[in-house]
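According to the numbering used here, the stretch in the sequence shown is residues 369 to 1017, in order.
Hints are not guaranteed to be accurate.
Computed beta-carbon distance windows for the label pairs [as the list claims (entries may be wrong)]:
1) A811 - K931: 54 to 60 Å
2) R504 - V897: 39 to 45 Å
3) E957 - R875: 45 to 51 Å
Simulated from the structure, these hints should not be mistaken for lab results.
Positions of the beta carbon are idealized from the N, C-alpha and C atoms, including for glycine.
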Amino acid sequence: MPSLSKKKRILLILCGMDERHVDHWEGVSSDGDLVACGPMTPLACATLAALTPDRYDVEIWDEQLHGQIRMDTRLDDYDIVGVSLMFTALANQAKFLGLYFRGRGCTVVAGGPAISAAPEEYRPFFDAIFVNEAERTWPQFLLDFEQGNVQPEYRQIEKPGLGESPPPRWCNVAESIPKYEWSTVQTTRGCPFDCEFCDVIHLYGRRQRHKPIDQVLDEVRTLNSLGARGVFFADDEFVGDPARAKELLSRLIRVNNDFARPLRFFTQATMNLSRDVELLQLMADANFYTIVLGIESFNKESLRETHKHQNIRKDIVGDVRKILGYGIGARGSFIIGFDHDSPETFDALYEGIQRTNLPWVVVGPLYAPENSALWVRLRSEGRIAYLRRHATSEPNPAVLNLVPRGMSRVELIEGHRDLVTRIYDWDAACARIRGWAAMVHRAPRVEEALLSRAACDRFLGEAARSWALSAAERESLGDTIAEALRVAPHLINRVVFFLVKNQLQRRRHERSLPLYESVLEGERRGELVVDRRPLLVPPSLGPAMTTIFPMLYSRLYRSLPDKSVIPEAAREVLVDFVVRWGATFQNIEPYHEPSLMDLCDRAAAKRGGRLEAVSLEEERAALTDIRKNRLADAVLKDVRDELSRMASP
């Protein structure tokens, strides 16, 4: 057992992009307050630090703030290195970190959403990986490390209550807090919705779990005392429980008004927010500058296709404008490339975006995260594909991993490139920002120092020089600021905020243009590779069917009114299960059950079913019948046939 008489040292790394891809900008504001745009604080690393006993020394390296670690980066010696990986786009950097620090003799571990989504991809690079949440597994790992008995995997099966998640230990990055545009607080985990392209419910569950409100407010107070400028509430659906959200917001308003300078807030929410006036008022008065609205499309058929049923409404443009009318400058998130999209969709999407007056817009091509429901469907249709010479982990929208149905890949890439160029054009962006300012009918009731006209002039001068604006572009920005000062002076800080956001989006897009051309060249040469990797039923699944099949059959029996479709639904569940777990499946384990139950619920919902109570006698009789007619064997054969079909040319 290693001696801990001298404190062991831990380095926690938030895996981030190369500094060329990270945007920072500081401009003139009032009262010495800078308009700053940069990364978010490393919440996962600070939470792990809080879970670490005092017998360890912990340091945090945020690659988005300090730059990516390279071979020549000067570093101290550490006993443990933990890598937090949020996005698969950074997989190559995470793998480099694993190999590099193992070469230095460290025990190197990794976790985060990207690791949990595809653990097998990362095992060779780390001494241990963490799957799912780590409130319970991180302390266990440290005990194992002390005993010289580190396990290759730490998997948290049960979804812990957020009361178990300690306040993040920000003292490890306290000096850097003022450099971040957004500090981070998490109030919930989980999402009640099931969008096909999203894997949140597999990572965090469908049932939302809430952090105690007192703890949330204490975390906000701590960040304010450390010089935070704003707080991003890192929830996948902030308003999933409206009553709880209202209670939090009511108390947050009072806390924020007590600060010498109120914090600005940012989060993610669904379009359901538009239906609750009280919730809109509370978010405005709490000083939510912006929220991410996952609008995705104005096409109802595309929304149905991706299971975005919560967005199917009579007037989605009107509902977006209703949210904007409270001074909350939403960031509209859109996706292009659904099966119901065509080359005509680009113009329709542009026109819809301009009509909404969204001051901040992000549009991306459809992407299928590996093992997500979308990936499984497209893989079965032979539509997961990529260019051989481009790494699928490259953080760029020009790189696709699927074949669209309503247009060619070239049409999707070219159309996306041109659409984004149009959206971030200064005339288009300023028209939206001016339109938003003019339509706000209820000013947020926040005591916030506002930019003076002189400060706005200084901002415009610095922006013109820093951004190399043409005379016409400077005039467009100047007209936007002047119009805001005339019709909505209380929104001037937010108007400047969104002008900066548009410039940063423009810069990211401009950096992407050379890669677009490289990708298009490969597409036109026919360098596409369809993913035909074998998808085989692991040999251990057959014996495990004696446990698995009664479990899933019982769930489907209680969920599907039409019992005749149970075999079809069971096959679908098992295909998705095999794709998700692959060759790693050795035997049925407790952590497999939540995945199976969720897949059953998905399959039932697609067929109009939902979980209902049935009598014990009826369920027993049904299970007796399937044993007699050997339905499990027939379904398993269908699963093998389906996987063979998916893998065939």
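Consistency of the hints with the structure:
no.	hint	verdict
1	A811 - K931: 54 to 60 Å	holds (57 Å)
2	R504 - V897: 39 to 45 Å	holds (41 Å)
3	E957 - R875: 45 to 51 Å	holds (47 Å)
In summary, this structure violates none of the numbered hints.
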